[in-house]
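Engineer: Next come the chains, spelled out residue by residue.
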Amino acid sequence: AAGVIQSPRHLIKEKRETATLKCYPIPRHDTVYWYQQGPGQDPQFLISFYEKMQSDKGSIPDRFSAQQFSDYHSELNMSSLELGDSALYFCASSSPQGLGYNEQFFGPGTRLTVL
Amino acid sequence: AQSVTQLDSHVSVSEGTPVLLRCNYSSSYSPSLFWYVQHPNKGLQLLLKYTSAATLVKGINGFEAEFKKSETSFHLTKPSAHMSDAAEYFCVVSRNTDKLIFGTGTRLQVFP
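Here the protein sequences line up with chains A and B, keeping their order.
For the first sequence, position 83 matches number 83 in this note's numbering, and the numbering has no gaps at all.
For the second sequence, position 51 matches number 166 in this note's numbering, and the numbering has no gaps at all.
Treat the hints with caution; some may be incorrect.
Here are the simulated DMTMM-like cross-link-like pairs (lysine to aspartate or glutamate), alpha carbons at most 25 Å apart as the crow flies [to be verified]:
1. B:K157 - A:E75
2. A:K57 - A:E75
3. A:K52 - B:D213
4. B:K157 - A:E82
5. B:K164 - A:E103
6. B:K164 - B:E181
7. B:K164 - A:D56
8. A:K57 - B:D213
9. B:K183 - A:E103
10. A:K22 - B:D213
11. B:K164 - A:D30
12. B:K157 - A:E103
13. B:K184 - A:E103
14. B:K164 - B:E203
15. B:K157 - A:D85
16. B:K173 - A:E103
17. B:K183 - A:D42
18. B:K173 - A:D42
19. B:K164 - A:D42
20. B:K164 - B:D200
21. A:K57 - A:E17
22. B:K157 - A:D42
If you want the ones that stay clear, here's a sample from chain B, every Cβ over 10 Å from chain A, calculated [unchecked claim]:
23. S127
24. V128
25. P194
26. S199
These stretches of chain A come out as covered by chain B in the derived footprint (C-beta under 8 Å, 3 or more residues) [claimed, not checked]:
27. 43 to 49
28. 106 to 114
No lab work stands behind these hints, which were simulated from the structure alone.
Note that CB positions come from ideal geometry on N, CA and C, so glycine has one too.
One chain only, chain B, in its complex shape:
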């Protein structure tokens, strides 16, 4: 069975400060892991994905995530938050072409 746990339901940062959104996964095999972002009343946009290649994955808009097997973690980071980063972020696990299993989401607020 696969699952992801997003450790924070809400994260608030000031503009220009680092962002850390935490995600732990559980999988009985080597998983594919993703981060998706959803802006209010919008669809789902893929930020980045890990598919057993490099453990440090760079995505769009300056986001990156590191796959740490020993810690079963896939935390999302960004060095400097922008106001436009305010959104809901989902950590997702999958096995190749299987269905995506979403975490419960982390709402990121960015204050000026």
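Bound conformation, chain A alone:
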């Protein structure tokens, strides 16, 4: 079965650079979530989208922005990168809402290293 695809899997950037992370949800999933997991930390919710609209926002820095496109893939744009942005970034997707509980399926993550 198709899973959530994230690209790139690894990314190395310098401080103050920008980075774009991409997430391709499972086909027919219309909701995408982004989570950040720092070294030795638990994943923290950043932002989510439902039907291309932002549905919830967590502890996402103002330097970060995200969007969901017409094909439901999502991109997380990160500017003015800081050392503390080094983390594993997970994307998850879920199936159409309104049908009760919807499980979130996680991608393999993108490991961002800021030097």
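Keeping the supplied structure of chain A fixed, place chain B upon it in accordance with the hints.
Structural biologist: Structure of chain B alone, referenced to chain A:
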């Protein structure tokens, strides 16, 4: 507000012995509860989920968890640990399609 507390940051067991990873939750409404496992440098894999159906939930790889409302607990158990069970385990709470709120994790070590 929702939150989960994982009572042990590290648990060590011998192979073949039972595993108990403890989790307490706080929620102002009926929550959905999950256990996820993360092996080193890997993604998150769902072990099992509770969504207001049966209180005893069976998951993959022989794991199960029991939802106890009176104790606000959702402990993860396995009768016999395998070496391959060594990983980080996260207890997670959510409300339907809301964001997932993770606990701080429990690192399980399995000794031969």
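Engineer: Taking only the CA atoms, is the gap from K173 of chain B to D42 of chain A under or equal to 25 Å?
Structural biologist: 24 Å, holds
Engineer: Sort out whether D42 of chain A lies within 25 Å of K183 of chain B, counting only the CA atoms.
Structural biologist: The hint holds at about 24 Å.
Engineer: Given the hint that K164 of chain B pairs with E181 of chain B, does the C-alpha gap stay at or below 25 Å?
Structural biologist: 10 Å, holds
Engineer: Going straight from one Cα to the other, do K157 of chain B and D85 of chain A come out at no more than 25 Å?
Structural biologist: 19 Å, holds
Engineer: Does the structure keep K157 of chain B and D42 of chain A at a Cα separation of 25 Å or less?
Structural biologist: 14 Å, holds
Engineer: So if I understand the rule, the pair passes when the alpha-carbon distance is 25 Å or less; does K57 of chain A with E75 of chain A pass?
Structural biologist: Holds, at roughly 15 Å.
Engineer: Examine each Cβ of chain A, and state whether all of them lie more than 10 Å from the Cβ of V128 of chain B.
Structural biologist: 22 Å, holds
Engineer: Given the hint that K157 of chain B pairs with E103 of chain A, does the C-alpha gap stay at or below 25 Å?
Structural biologist: 19 Å, holds
Engineer: With a cut-off of 25 Å on the C-alpha distance, tell me whether K164 of chain B and D30 of chain A pass.
Structural biologist: Judged against 25 Å, a Cα distance of about 21 Å means the pair holds.
Engineer: Determine whether the non-interface label on S199 of chain B survives the test: each CB of chain A must be over 10 Å from its CB.
Structural biologist: Given that every Cβ of chain A is farther than 10 Å from that of S199 of chain B, nearest at about 19 Å, it holds.
Engineer: Is K184 of chain B close enough to E103 of chain A, meaning Cα to Cα at most 25 Å?
Structural biologist: OK: K184 of chain B and E103 of chain A at ~22 Å, within 25 Å.
Engineer: Does the no-contact call for P194 of chain B survive, Cβ to all of chain A over 10 Å?
Structural biologist: 25 Å, holds
Hint compliance for this structure: no hint is broken.
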